[in-house]
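K.L.:
Given next are the chains, with one letter for each unit.
Protein chains: 6
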Amino acid sequence: MFFHEPELQYEVTVEDPDPHFAKLLQQAIGGQEGEMRVAMQYMFQAWALPEEYEAYRNLLMETAVEELGHIELLATAVTKNLRGSPKEMREETDETAAAAAAMTGQNPRQFLSSGLSAMPVDSNGVPFDGSYVAASGNLAGDLYANVMAEAIGRTLATRLWEYTSDPGMEDLLSYLIARDTMHQNQWLEALESLEDPVPVPASFSQEEENQAVNYAFMSTRRDAQPDPGQPWTQGATPDGNGEFSYLAEQPGDGDGVPSEPDPSTYNDPQPDDQQR
Amino acid sequence: MFFHEPELQYEVTVEDPDPHFAKLLQQAIGGQEGEMRVAMQYMFQAWALPEEYEAYRNLLMETAVEELGHIELLATAVTKNLRGSPKEMREETDETAAAAAAMTGQNPRQFLSSGLSAMPVDSNGVPFDGSYVAASGNLAGDLYANVMAEAIGRTLATRLWEYTSDPGMEDLLSYLIARDTMHQNQWLEALESLEDPVPVPASFSQEEENQAVNYAFMSTRRDAQPDPGQPWTQGATPDGNGEFSYLAEQPGDGDGVPSEPDPSTYNDPQPDDQQR
Amino acid sequence: MFFHEPELQYEVTVEDPDPHFAKLLQQAIGGQEGEMRVAMQYMFQAWALPEEYEAYRNLLMETAVEELGHIELLATAVTKNLRGSPKEMREETDETAAAAAAMTGQNPRQFLSSGLSAMPVDSNGVPFDGSYVAASGNLAGDLYANVMAEAIGRTLATRLWEYTSDPGMEDLLSYLIARDTMHQNQWLEALESLEDPVPVPASFSQEEENQAVNYAFMSTRRDAQPDPGQPWTQGATPDGNGEFSYLAEQPGDGDGVPSEPDPSTYNDPQPDDQQR
Amino acid sequence: MFFHEPELQYEVTVEDPDPHFAKLLQQAIGGQEGEMRVAMQYMFQAWALPEEYEAYRNLLMETAVEELGHIELLATAVTKNLRGSPKEMREETDETAAAAAAMTGQNPRQFLSSGLSAMPVDSNGVPFDGSYVAASGNLAGDLYANVMAEAIGRTLATRLWEYTSDPGMEDLLSYLIARDTMHQNQWLEALESLEDPVPVPASFSQEEENQAVNYAFMSTRRDAQPDPGQPWTQGATPDGNGEFSYLAEQPGDGDGVPSEPDPSTYNDPQPDDQQR
Amino acid sequence: MFFHEPELQYEVTVEDPDPHFAKLLQQAIGGQEGEMRVAMQYMFQAWALPEEYEAYRNLLMETAVEELGHIELLATAVTKNLRGSPKEMREETDETAAAAAAMTGQNPRQFLSSGLSAMPVDSNGVPFDGSYVAASGNLAGDLYANVMAEAIGRTLATRLWEYTSDPGMEDLLSYLIARDTMHQNQWLEALESLEDPVPVPASFSQEEENQAVNYAFMSTRRDAQPDPGQPWTQGATPDGNGEFSYLAEQPGDGDGVPSEPDPSTYNDPQPDDQQR
Amino acid sequence: MFFHEPELQYEVTVEDPDPHFAKLLQQAIGGQEGEMRVAMQYMFQAWALPEEYEAYRNLLMETAVEELGHIELLATAVTKNLRGSPKEMREETDETAAAAAAMTGQNPRQFLSSGLSAMPVDSNGVPFDGSYVAASGNLAGDLYANVMAEAIGRTLATRLWEYTSDPGMEDLLSYLIARDTMHQNQWLEALESLEDPVPVPASFSQEEENQAVNYAFMSTRRDAQPDPGQPWTQGATPDGNGEFSYLAEQPGDGDGVPSEPDPSTYNDPQPDDQQR
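Chains as they are written, first to last, in the UniProt record's numbering: chain C, 1 to 276; chain Z, 1 to 276; chain E, 1 to 276; chain R, 1 to 276; chain G, 1 to 276; chain V, 1 to 276.
These are computed hints drawn from the structure, not numbers from a lab.
Some clues are possibly wrong.
[Claimed, not checked] Some chain E residues close to chain G (C-beta under 10 Å, calculated; not the full set):
1) L24
2) Q27
3) D122
4) V126
5) R159
6) Q206
7) E207
8) T233
9) P251
10) G252
11) G256
12) E260
13) T265
14) P269
[Stated by the list, open to error] Pairwise CB distance ranges, derived in the manner of DEER restraints:
15) Z:S245 to E:D196: 53 to 61 Å
16) G:S205 to V:D255: 52 to 60 Å
17) R:E170 to E:D196: 21 to 29 Å
18) G:E249 to E:E260: 41 to 49 Å
19) C:E260 to E:E260: 45 to 53 Å
20) E:D255 to V:P6: 52 to 60 Å
21) V:D227 to E:A236: 24 to 32 Å
22) Z:D196 to R:S245: 22 to 30 Å
We put the CB at the ideal spot given by N, CA and C, even for glycine.
Start from the sequences and build out the full structure, keeping to the hints where you can.
P.N.:
As structure tokens, this is what we get:
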């Protein structure tokens with residue numbers, strides 16, 4: 001059950017509204033690396049967990065709810081960057097060409113479709129997609145998905161920080177980057193709290209795996225190469241269950257040619273005799 | 001530069017063709033967890049890396065090319081499960097209703113659109129989408145994305161293994177599951193070979209982060225709760241740079257209300273006096 | 001700023017788990033008519049409103065937060081319908097064919113991708129899409145979008161109610177249908193509280209409209225038909241600004257042929273003389 | 001059965017071709033608020049209606065066909081804005097940088113993919129999507145969807161009108177805005193001609209609704225608030241079937257924790273004892 | 001400018017309504033090979049053609065309008081297959097399991113979302129997508145796209161014909177297949193009426209092409225193979241401008257390693273010395 | 001089974017990095033006309049072909065693998081155009097406005113999401129979509145799809161060639177355009193090697209077609225027009241099986257009105273008596 005207060009989780013101020021930055025910020029709302037993705041991801045992961053995972057269920061849901069607040073922060077930042085600015089833009093741009101560039105250099109839908117406010121889309125205007133969400137039902141797999149989401153999300157936030165020089169926006173990003181630091185650490189810590197999670201899923205019996213290739217680096221070079229002696233071709237494996245080895249060739253020898261389908265598929269025509 | 005030989009990377013045999021399994025196998029081809037995703041992901045990651053990352057560039061590209069071969073294995077498996085079967089289906093199903101169920105219980109496009117062969121779609125027929133690919137330019141973020149992809153991909157493969165009892169399909173899955181084990185291990189090993197990758201991106205100065213919240217678990221419960229004493233609320237953090245702490249409340253106090261947009265947006269109408 | 005408590009907004013019980021119903025329920029989570037859509041829609045609408053719209057801002061946000069709770073209710077319902085059931089399914093289905101039908105008649109991704117839990121997709125497995133969200137910045141337009149969303153959403157809920165006979169599911173749907181009744185009414189009431197909202201947007205000067213066609217029903221029949229005497233071809237218009245009239249013909253006479261593009265487009269080839 | 005004449009429904013002239021405006025106009029063709037959406041929406045709604053709805057069936061189909069003509073008008077407008085212009089652009093832009101900005105500030109696909117002509121995409125180049133279409137089979141729900149579509153569509157058209165100062169484009173938009181005025185009015189009038197359409201669907205027995213919450217505004221504030229005394233918390237409801245009331249709290253008390261899934265899902269690993 | 005008459009272009013009768021076939025028919029409406037695609041494709045192609053292409057413009061637009069009528073035929077066929085049937089389904093299926101299979105074996109959205117009528121989606125419920133439309137501005141390229149669309153579209157129609165045994169549906173498909181025959185022929189004939197259309201685009205000077213590889217078959221086999229003596233490795237080329245030859249190796253020798261990006265991208269971390 | 005060598009298939013040099021061109025090049029990677037599409041298309045087509053089609057299977061797969069190498073060439077070209085450039089951009093743009101325009105005129109995700117490298121998206125940032133791939137199982141239909149893909153792909157490449165004046169990029173495009181010339185020719189030659197492929201699918205008995213309309217051009221003009229005497233209204237048809245004729249009218253006379261659906265759909269409300 002959810003609740004809400006009108007105050008924001010953190011202050012959002014914009015000194016010099018910048019509609020171009022409003023376009024870039026959309027990536028952090030509705031993009032592949034954005035807050036809509038993590039909010040939904042952590043929720044769906046939490047809802048799948050049964051009783052004995054209560055601590056993880058709480059961890060996931062409390063963080064999901066924090067991320068909902070981040071969507072709100074960023075939506076506010078977008079709108080504050082869009083409003084106030086268009087008038088000046090229009091004034092300073094006497095010729096049509098310049099005005100045109102100004103409006104289309106932005107995301108035109110932030111004017112045309114939303115009346116100068118935030119949208120559930122990315123920085124190119126591509127709508128948020130439910131397939132950004134990773135929630136497999138396997139906690140270890142999901143926690144790696146979360147580390148990855150926060151790693152790539154923090155990378156996005158630092159690139160946005162690099163772009164802006166507005167003190168209010170820098171302060172907001174400094175807050176969001178800090179939260180991404182914490183979230184990376186908490187998901188890594190949660191992974192460490194699990195018993196032998198790797199290889200995911202851990203409950204599948206490794207005896208059923210093909211034993212010839214489950215710890216071998218398989219080269220796909222055209223000409224067989226000697227073992228490069230990398231950490232991933234020799235030595236103990238991180239899961240503690242094997243030793244890396246090196247295969248200079250793929251197994252090969254499989255036959256890929258399917259039989260003919262039933263005539264009801266109308267997969268014709270027959271080749272001329274010469275081509276058979 | 002790529003090359004190809006007609007033989008398959010591994011043998012693909014099907015004793016009892018099962019069109020329903022052909023539908024499920026599509027998830028491993030064109031799904032969010034599938035082989036098209038990892039093949040593309042590792043390639044785009046490799047292409048972004050400059051010279052001093054040569055060992056990683058090779059690691060990524062050689063694995064990408066192996067995954068191309070997995071798409072081929074699975075496409076062959078799909079087609080072999082689809083062909084041969086429809087005739088018997090038709091014979092055993094005299095009444096329309098049963099035939100209908102047989103054909104629509106499958107993915108109907110495997111008959112209608114591809115003439116009983118594999119497609120670049122998932123098990124529900126949703127087309128592969130480029131946004132499944134994660135390639136951020138940041139190697140550590142990308143490697144976490146790869147661990148996650150192989151973790152969730154192996155989970156998918158074990159669920160497919162659980163479904164089938166065909167010896168040929170079990171053997172193929174035993175091979176693919178083994179490769180996922182190796183790939184999880186190699187990406188984890190590659191992460192270990194990097195200097196202090198966490199928090200990703202590591203080159204952003206942590207001094208710029210908001211210091212009050214970068215290692216604090218932030219509760220979003222309605223009523224303030226005591227510190228639950230979990231590994232993610234106390235103790236050293238995995239990145240080695242901080243100590244977990246616990247905040248029972250979000251910072252709050254931000255003002256979210258935007259100013260009015262320019263009249264050119266036609267964001268009307270005004271509320272009645274009573275509602276203002 | 002958002003908060004959450006682990007208890008659900010309403011009780012969710014399932015007496016006879018039904019994985020097929022779990023598939024159908026997905027439409028109410030991630031579908032075009034689902035709860036993810038309205039939760040996001042009301043939030044983005046609220047975030048766009050400036051200060052003098054405070055009552056509407058609160059109305060929208062409080063309802064958005066209630067809808068977040070509905071996603072949670074439905075995700076729980078999906079998971080409870082999926083779990084417990086597969087074992088019996090397997091037991092009762094000795095032959096491969098029947099087992100296959102059982103698993104593929106469902107959404108296979110609820111097993112393959114999420115380990116028997118809910119997903120951000122619709123009943124065909126198509127991922128939620130940000131373009132389901134309507135938030136134009138114009139309050140009247142947005143409120144009509146909300147009436148529509150709750151009208152079509154309630155229609156979906158009644159069709160789900162028609163399908164199930166599980167007492168727990170009937171009770172949950174009876175609750176959700178009631179809330180849709182309230183929401184339809186509150187959005188209609190909010191529309192009535194606005195001053196002259198129609199035609200939306202009301203602040204555009206109607207003098208700028210083409211006066212010949214702004215209240216005329218325009219027939220597109222092949223042969224001109226007499227005025228059918230319908231309420232939309234005669235009488236006063238609902239916006240109070242005009243009188244309906246009837247045009248048996250479209251204006252016509254426009255010239256649609258574009259000039260040739262620049263040769264840099266390579267829009268060739270020239271037709272033979274005969275075809276020019 | 002459809003027919004077509006080469007003349008356009010209305011005149012389309014462009015005095016000063018503006019490729020930036022050609023980009024913005026795409027929103028009105030292939031966007032969420034565009035003409036492809038309404039043309040398809042009204043058709044699919046019409047095709048679902050049985051015999052006793054003949055007057056509505058005609059109303060919907062005649063308007064759908066008018067909208068097909070609007071796609072044609074706008075496609076012509078796009079092409080006329082794109083052609084003639086690139087040459088001058090190239091001449092006036094001696095340096096690469098300026099030319100680059102000119103071509104990428106536009107939708108690059110209008111040059112690269114369509115040779116300076118219109119496309120079935122929105123102003124950001126996102127393809128038209130069938131999910132923009134709302135057609136529920138319930139006439140009242142569909143008519144609300146139509147009011148909404150014309151309300152948001154007219155808002156888009158007024159924003160485009162605000163952008164351009166080309167007399168030909170202003171005249172075209174003046175025509176399209178007028179038609180949106182008419183269409184809003186005709187859908188509202190059609191709603192009024194239905195018997196008691198609200199709450200949609202009207203044929204569902206309201207006795208089956210949860211009577212405790214079907215006319216109550218439910219607050220989701222963190223701390224219980226007094227009744228704000230808004231029109232949607234007290235007084236008669238628009239559907240004429242109830243009285244608004246105010247609930248300061250959500251019902252709550254539901255148990256969200258699912259049982260464990262079957263081991264065949266490989267939803268592991270178990271948490272350490274401490275975290276259970 | 002478009003027109004419409006309520007009668008259908010061809011008769012649509014269904015003797016035995018079959019909801020499963022209603023699901024399959026959706027592929028021919030909103031699928032990649034469907035009628036929405038060709039209707040839109042031919043329109044957008046027509047709208048791009050300038051005056052001297054008038055005969056082609058008419059050819060394209062008249063066929064587009066015929067295809068609009070095919071959408072109408074198929075939508076009617078879907079609805080007639082869906083209605084009448086559900087009652088019997090319910091009666092004959094006493095147990096929940098069978099009823100569930102019956103409803104989920106279909107496209108559940110044809111019940112849940114559209115009230116037993118047609119939708120702008122494919123046979124898996126994936127929405128129509130504007131990117132199915134090919135309209136490049138180059139007439140020869142577009143005509144090849146049209147041959148392809150009608151070839152794959154007719155293949156789909158024959159597979160649907162193979163599925164059904166309903167006399168009404170067979171008659172409708174016999175009509176649609178015949179039209180696809182005509183359309184394939186008319187597009188091929190239109191191609192023949194163009195002067196030297198191949199290679200498309202013909203107006204690009206072939207002197208600018210790399211002369212070493214513009215008529216050579218390039219083998220990508222791992223080990224160099226002898227010329228297989230196929231029609232595409234020797235003899236005159238169909239465009240009449242060259243002679244096929246055979247290259248046993250790709251040119252190779254390109255350097256793919258990019259330079260380091262600016263530090264503002266935060267593309268870290270550095271590898272350990274050993275891995276450089 | 002696939003292999004790879006680190007050298008590129010062809011040299012890729014960039015003299016003057018141009019981030020705007022990097023945006024345009026994305027169309028040739030992940031766009032509807034791009035290399036990801038053809039690589040996947042030729043693979044899936046090849047994998048569907050049984051033994052007697054071995055020559056075609058090889059033809060398709062060898063070309064698919066060449067196209068993989070083209071993705072690599074273009075990804076390298078994108079990255080080389082993006083890197084080196086941003087620093088100067090920043091230096092030369094002192095004021096925020098100019099910097100903003102520079103960064104948003106590009107694809108912002110090439111900075112924000114990929115750290116200045118290539119992505120699996122098109123020139124507007126829309127992700128690659130599996131539905132771009134055409135692979136029907138019918139070889140003739142597939143070969144027409146391939147001619148079309150190379151025709152439109154070569155058109156794209158010539159437009160890119162027109163845009164750039166960088167010698168390295170011109171050389172790369174000269175190579176890619178030459179390959180598109182070859183590929184168009186090889187697919188046309190392969191079509192010629194098939195026995196009577198048209199109308200596709202050739203194995204469907206034309207006796208089952210509606211004989212009244214299978215070679216008739218059907219006019220859809222509002223008023224019946226005389227036979228225009230075009231090559232597609234008279235004379236022998238390209239498939240050699242018929243004679244073109246001309247129908248001034250569509251057949252018509254079909255009844256489109258469906259029966260009422262079951263009440264369980266809640267398709268209400270009833271119209272007032274007047275509107276029935």
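K.L.:
Now, for every hint given, state plainly whether the structure supports it.
P.N.:
Results for each hint:
1. L24: holds, 5 Å
2. Q27: holds, 5 Å
3. D122: holds, 7 Å
4. V126: holds, 6 Å
5. R159: holds, 5 Å
6. Q206: violated, 26 Å
7. E207: violated, 27 Å
8. T233: violated, 17 Å
9. P251: Cβ of E:P251 sits 9 Å from chain G, so the hint holds.
10. G252: holds, 6 Å
11. G256: This hint holds: E:G256 lies near chain G, its Cβ roughly 7 Å from the closest one there, short of 10 Å.
12. E260: holds, 4 Å
13. T265: With Cβ-Cβ at 6 Å, under 10 Å, it holds.
14. P269: holds, 5 Å
15. Z:S245 to E:D196: 53 to 61 Å: Given a distance of about 55 Å, which is inside 53 to 61 Å, the answer is holds.
16. G:S205 to V:D255: 52 to 60 Å: holds, 57 Å
17. R:E170 to E:D196: 21 to 29 Å: holds, 25 Å
18. G:E249 to E:E260: 41 to 49 Å: Between G:E249 and E:E260, where Cβ atoms are some 43 Å apart, the hint holds.
19. C:E260 to E:E260: 45 to 53 Å: holds, 49 Å
20. E:D255 to V:P6: 52 to 60 Å: holds, 58 Å
21. V:D227 to E:A236: 24 to 32 Å: violated, 50 Å
22. Z:D196 to R:S245: 22 to 30 Å: violated, 59 Å
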